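Trainee: Chains as they are written, first to last, in our numbering: chain F, 1 to 457; chain S, 1 to 426.
Treat the hints as calculated values from the structure; they're not laboratory data.
Remember, predicted model here, so these are calculated numbers, not experimental data.
The beta carbon of each residue, even a glycine, is placed where N, CA and C say it ideally should be.
Keep in mind that the hints are not guaranteed to be accurate.
The following label-pair restraints were derived from C-beta to C-beta distances [claimed, not checked]:
1) S:Phe44 with F:Ile346: 43 to 49 Å
2) S:Pro331 with F:Thr25: 55 to 61 Å
3) F:Val367 with S:Phe422: 52 to 58 Å
4) S:Ala389 with F:Phe292: 17 to 23 Å
5) F:Asn160 with S:Glu423: 32 to 38 Å
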Amino acid sequence: MFYWSLIIILLGMYSAYIFGKSRITSHSRQLEIKTASLPTYYAQYIMVWCLLPALIVYFGWIIFEDQIIQNLVLANFDFDLNPALNAGLLIAEIKNAALNDSFAEGKAIEILNAAEHYASIKYISSISFYLSILIVMILGVMFASRKLQPSFRAQQSIENYVKYFLFFCSSVAVLTTVGIVFSLLFESLRFFSDVSVVEFLFGTKWYPYIPIREGQSGSLGSFGAVPIFAGTFLIMVVAMCVATPIGLFTAIYLAEYASPRVRKIIKPLLEILAGVPTIVYGFFAFVTVAPFVKTFGQSIGIDASPTSALAAGLVMGIMIIPFISSLSDDVINSVPQSLREGSLGIGANKAETIKRVILPAALPGIVGAFLLGVSRAIGETMIVVVAAGTAPNLTANPFENVTTVTVQIVIALIGDQEFDDPRTLSAFALGLVLFVITLILNIFALRIVKKYRERYE
Amino acid sequence: MSNQFSHERIIQLRKKRSAADRRFKTYGLIATLTGMAILFFLLFTIFSKGYSSFQKTVIELDVMFDQETLKITPNATYKEQVEAKFFKVKKNAIANALPDLSKKDIKLMNKMFSINVDKEIKEYFLQNPNILNTTQKLLVTAHSDVDQMLKGNAKRNIEEKKRKLNDRQLEFFDEFVFTGRLKSKFNNFFFTNADSRHPELAGIAGSFVGSLFTLITVFLLAFPIGIGASIYLEEFAPKNKFTELIEVNIANLAAVPSIVFGLLGLGILLNVFGLPRSTPLVGGTVLALMTLPTIIIACRASLKAVPPSIKEGALAMGATKMQAVFHHQVPLALPGTLTGTIIGLAQALGETAPLIMIGMIAFIPKIPTGFTEPSAALPVQIYLWVESAERGFQEKTAAAIMMILIFLFLMNAIAVFLRSRFERKW
């Protein structure tokens, strides 16, 4: 359907273009008036009016088609015959039976009838889809061709359309944010209709699969997310303990001590470290760091879990090093040279200058970099999915295994998804928390960095 | 009083201060070297674990292409040849791999070969149909357990129960090694096959094609939209609240965790728009939204770098603003934008979490052929293999990581090349 409609729309646009161009040239020749714009602009105008309605029909159709067909099929279906099935399962069964003969074997007769009904509606739908695209394209061209007069300023309207398009492009960013908020909020609200907000935010037991209220049908487990938040926090702390000193000292060394030649070698290497996909770090944590942490734990008499918070945190810290170092490097470089020279001039040596003058001056920017690093650590997924645990332990011992928000989101959404089950929906509630926290951290950090830049400009 | 500023005291103090200075510099050096050491250790781990995956173990078998077992005649049509069953031929060949095998031994022996050996024999036969009624020496793929044992990845000197190969199979193994029938060969399956449950048959072709389709989608969506947004913000946007909102949004989207984009794809693209699950189309759309900020930032920087005199010259010649921008300013900003786009695509190639959210994690044993077909992607394939318990997959994981790192390196090299080749200093 996608490829065919693409071909139809492209062909339609091409013929509209040809039509518009020949129409306006013959028109102006007949009337012996020069056109207000070049003929190609008229052709483009027709083309736009051919494309727009087709796009609207196309997207409208793919959004609503399934729903409408399902309703039509279910409206004709006698529910009394098969009361056990719910609508969602039923429609899936009908679809399978319609698309695949092997599924149809041995199904009840009413399902087979419905499947036949479904197939026929689907067939009618696909034919009328192509037809309606064709029709709206022709209607659009007819509507626009009324304007094919030599006096019509086609260039101006085309340029206006382009401007609208550019505006649309830049609002995609806003639409994306709206989409994120909408999808997270909508599903989270459904989650919170089953589980109270207070239980979710302050409960200390996360056992979605162990029912706590026995005897109830479809009884739920408990959804207290505190152990998850605590686990995320623990891993983040370990990561920042690794990343901040190494990243900051690397930045200081590169900005203040390293010769230009050394900088030229080290910087791209750090960029490589920053460009390594996080799943690769996950593999590294899994095969190298986690066994190392386990043996290290044994050697000092601690029984470390194979998926300890320490292993995941260490590797996450490595991932964040280049992030911290490049941001801090920028910040340190933007400290005005006069501060440095003043300090050196009154006899301070380099280390004293850095410790007493440059770092205090650069502190807001470094804090901003740190906060952005924290936000990345909290939102990081693949390292913890591979190397951290899944058990929601409430502990501060980094040798034990803990779980994180992102791990729980992945667990909830891998495999069968039923969107009326709080266990699936919990992913969206956790996602909402993640989004809000990282958003606050980001806005805060960006503001600090911006303020700081303004101070020295 | 005089003691405080005595000559010796000052010298002492200065020594202490310069020692602190040197110490501080050493800390910086140590931190930098630590970062580098970790990078090299990371690469070393992956390459040392992965390189063996480019070789596979094959076993030499004497295969009898017997007319009666195959139930075809020498002048059979191609169709008959294709339909012929090679299972029995394989069984006979394996039964005669070593002399005097009991029934139980044959069963054990069978487990030392890849499950698709009959297909390999068939392929060989279809290429040389005139070998009917002869016996040929064929190199067929060994089971992953044999492969791992030969490569030394599996331990030998442990209890029989903990080993994949039992004592009897190890005897066969040694016999094969002794008679030189166990050989190493270039692992073509790794590059031509899609995913498989059997490590010796699993390859990256399926996930590679899936990633390619995904990246094409990302490019087709993010490149025009990114350029459009940059042009609008740089040239046409009025200074008002909404423009400010757009700017803030772009800055924030760059820092939203990738998994949240996955939730967006799941909640909106799959559940509201009903787009097909697990497809490059949906994966590409989500990743396009993620890479958009990168592209916009690069494109705006290169638009800003074009000197205003060029645009003003066009305007002075009577061009409309749109013409001045599109005919003169944008072409000059294109190389910089392209560089930013390639870097964005490189990020998208390594992104895993959003693809898992939209279901590109299903087990797909065939190579996808379109944008709307369920498919895997390279990083997700790596994840699937990391999670797999079988030892044979561990070297596959490392090898797949090697491939993805090579692609990333190539993309970045292209970006650097473009930048140095086309960048103009005004």
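Trainee: Decide, hint by hint, whether the structure agrees.
Mentor: Verification of the supplied hints:
no.	hint	verdict
1	S:Phe44 with F:Ile346: 43 to 49 Å	47 Å, holds
2	S:Pro331 with F:Thr25: 55 to 61 Å	29 Å, violated
3	F:Val367 with S:Phe422: 52 to 58 Å	38 Å, violated
4	S:Ala389 with F:Phe292: 17 to 23 Å	21 Å, holds
5	F:Asn160 with S:Glu423: 32 to 38 Å	34 Å, holds
The structure is inconsistent with the numbered hints 2 and 3, although it conforms to all the rest.
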